[in-house]
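J.: So the chains spell out like this:
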Amino acid sequence: MEPEVASSEMVLPVVLPFKRVQMSDKYPKGQSRGRQWKHLKQILQAENYASLPADEPNYLSIESPPSMYPSKKYCDITGFEAHYVDPRTTLRYANPGVFKRIRGLTDDQIQRYLALRNAVIVLR
Amino acid sequence: MPPSSSSSFTRPSRQSDYARFSPTTPIVIDNGGSTFRIGWAGESDPRITFRNVVQRPRHKATGDAVTLVGDQDPALMKYFDCTRTSYRSPFDCNVVYQFEIMEYVLDYGFECLGANSEVNHPILMTECICNPLSSRSKMAELLFETYGAPSIAFGVDAIFSYKLNQQYGRCYEDGLTVCSGFSTSHVIPIVQGEPVTKACCRTNIGGFHITDYLKQLLSLKHPQHISNITWEKAEELKMEHCYVAQDFASELQQFQKGNEDAKEKTRCWQLPWVAPTQGEVPSEEELTRRAALKEKQGQRLRDMAAARRSLRITELENELNGLENLSQQLDEVDEHDVSSILAGTKFYSRQEIESNIIRLTQSLRKAKGEPIEVEEKNDASLLEKYPLASVPDEMLTPEQLKEKKKQIFLKTTSEGRLLAKQKRLEEESIRERQNQLDEEKRLENPELYLEQMHARYRELCERVEQRKKPKTNGNHNLLGGVGRGERLTAAQKERMRLLTSAAFDRGKGEDTFGARDEDWQLYKLMSKDNDDDDNSLDEEEAELARVTCRLQANDLSPLPQDIDPNFVPRSDLVPIPGGTTEFQKFRPQTAEDFQIILDVERFKCPEVLFQPNMIGIDQAGLDEMAGISLRRLPMVDDSLKAEMSKSVLVTGGCALLPGLLPRLEAGIRQLRPYLSPLKVVRASDPVLDAWRGASRYANSPHFTLQTISIQDYYEKGESLLRQYQMKYTI
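Chains C and L, in that order, are what the protein sequence lines are.
The numbering used here applies: residue 2 is where the first sequence begins, and numbers increase by one.
The numbering used here applies: residue 23 is where the second sequence begins, and numbers increase by one.
Simulated from the structure, these hints should not be mistaken for lab results.
Every residue, glycine too, gets a C-beta built ideally from N, C-alpha and C.
Fair warning: there could be bad hints in the mix.
Calculated Cβ distances over 10 Å to all of chain C for the following chain L residues [claimed, not checked]: (1) VAL117; (2) PRO294; (3) THR435.
Taking CB as the label site, the calculated pair distances span [stated by the list, open to error]: (4) GLN110/C to ASP86/L: 38 to 44 Å; (5) GLU64/C to LEU521/L: 46 to 52 Å; (6) GLU258/L to MET69/C: 45 to 51 Å; (7) ASP103/L to PRO29/C: 20 to 26 Å; (8) GLN246/L to GLU64/C: 39 to 45 Å; (9) GLN110/C to GLU449/L: 43 to 49 Å.
Working from the sequences, and respecting the hints, build out all of it.
T.: As structure tokens, then:
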């Protein structure tokens, strides 16, 4: 260990005095632990809120509903208000100049613009 | 805008007074999505603060994987190999799910706090509202069993902040707290000092989404600088330059029209850039000096080449003399001694010696610069070498026939080689002649020559591009399919026809595809990448490359200057926007190309908090959430709602955005009845108030009643955790 790294104490020590079980014992080396942990979606599924009494608030019941205001459409390239949509790529644009630029975009740029809006259709 | 200096990095320093605190003093932890704060109850500031991320790179020297928590000093990171690692957070949205990472974070937090023996203090930790039970129980298990805490308590950070501000007098007992954090935003109504969890409202938008949106927008706008626009840089830009527009639509209008205000609001980030030194037109002395230098260099090279050549000539001559002596010896001597003499040398027969002599004389002649004799001998030797080739078949035995076949084969190959050599010589001579003509043209009229070269270059460029264009017909279809109303080119039509006819099912027994070899050519025709004009395309590209070289070339010729000092190859140029791809004009790079402009993004990115639809999240924005939360309240008492509207507190990291409060106030006013009272305040310190509120809470004498002790945990376990609900007014 280089002296400056050691003196800066940036690395977490492997053995810590205040712990009853050390990390190396709890998570032995060599096993991939990524799959052990359930993501939020799986956690919520496992919670099974449907079986609990419905009037108690839970993580899902607090979620916001969709907005009541109709969503305004903004140009994907410039950000101004977009009154038009390109039929080929489904990108929104504000004026003909932007339209020309859209027609000059490459495929992956188009996908990235759509991904900004969460509008990419992925066929698997 | 001055170039941003490297962010000053300060590591949390190790505390040394851990032992000073009695075992009844609680440790207060604000486990936030972006930062982790830990400290002692009763103090006004957390002792330790760091970013709630972990990375596990490899130490380059030892090769072990080490754990680094939080941000690190960039100067020391060179000792670690971070290529296959990334920052990992224990959170998924606002719920802790990766407890291994959480353990690393807690380890680091306690270690920096100075813990040496067991963590023998009650722990107050923050969590999200309505935290799923599994997450809460795993956290409890971690704290009790791994760290040995005697008792723990869980609370919601937004409410701690509200309680603190209530004590400061900024808000009242009944109110609304709008907490906009890292990955989520909540609106929690507070009635008589306690939160009404049923009426709480959560949208999955936070500071993370704003930064991410900014990063994506800038990367798309300036794809050539994509490596400079990192996440950390985007956060810096957001904190420094983003603001919330009071009226989004009119701000957009201002920028669209290009008003003076819009110009003032535009900020520009200049990336480090050094102009390529074009150099002024060199003066006369400069030119002559350069010419003399080149001459000297050329002369030196020529001398070296001459020396090498003379060396080689002497070598060859020596060898030749030796061989000639040997052959003379063999002539003089008898037959029997021939073999013994030959055994002493490395040759096996006289013919070998003779052929070697011939070879050497030829190379000698070449080295001396004399023309090579035409190899007429070869024709004769061909016939000699393959005597059987010319003899008709009937006169030979079967073995001789085999011999003959071999000889015919060898003869044709050597003939073929001769022909190829001749063709090459011809081509070379043609090219030589062309080059000479070129040089003459250039010498006699440099200007015209230059023009011609430029014209040729442009022509070739266009032609190459045009060839590549018709493939797609200007289409950039997403999935390669044809949209509505698309016209197909002839090539595309043909391809479709092939595909459909090939796929047509003719029934059993009728399909004879593949019986003939030519059938498989169909796939070649069908393939989209097929380039029939491959050959001519390559030719043109090769010529393009040659012309580029010539234009750029730095000659050793007597001309004092380069052919064209102002020529810049296409790749270094920047397209002038506004033109179509067919007729683009180019210009050399300037300082402006290395500037990143923030104009609309400044207020567009924080707008995501109010219009989550902009990034595709179909939920209500901050102002609407307040209305939804008020509606969800179980009691229908309007006067209470009016009371609550007078005490709306905005807290959380995003509350620091300038312009958020007036915008939020205007938004909520739209939802409330006309002329009903409304007052929106910001927390005194939106970032630290949660921890401070929790610290004060833990310091109060009745805190112990709100904790879960380790004995209770072992007795009752999960059911206790499920029912656990902290009371905030104590």
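J.: Next step is simple, just say for each hint if it's right about the structure.
T.: Structure-based check of each hint:
no. : hint                             : verdict
1   : VAL117                           : 5 Å, violated
2   : PRO294                           : 26 Å, holds
3   : THR435                           : 50 Å, holds
4   : GLN110/C to ASP86/L: 38 to 44 Å  : 42 Å, holds
5   : GLU64/C to LEU521/L: 46 to 52 Å  : 47 Å, holds
6   : GLU258/L to MET69/C: 45 to 51 Å  : 35 Å, violated
7   : ASP103/L to PRO29/C: 20 to 26 Å  : 23 Å, holds
8   : GLN246/L to GLU64/C: 39 to 45 Å  : 40 Å, holds
9   : GLN110/C to GLU449/L: 43 to 49 Å : 45 Å, holds
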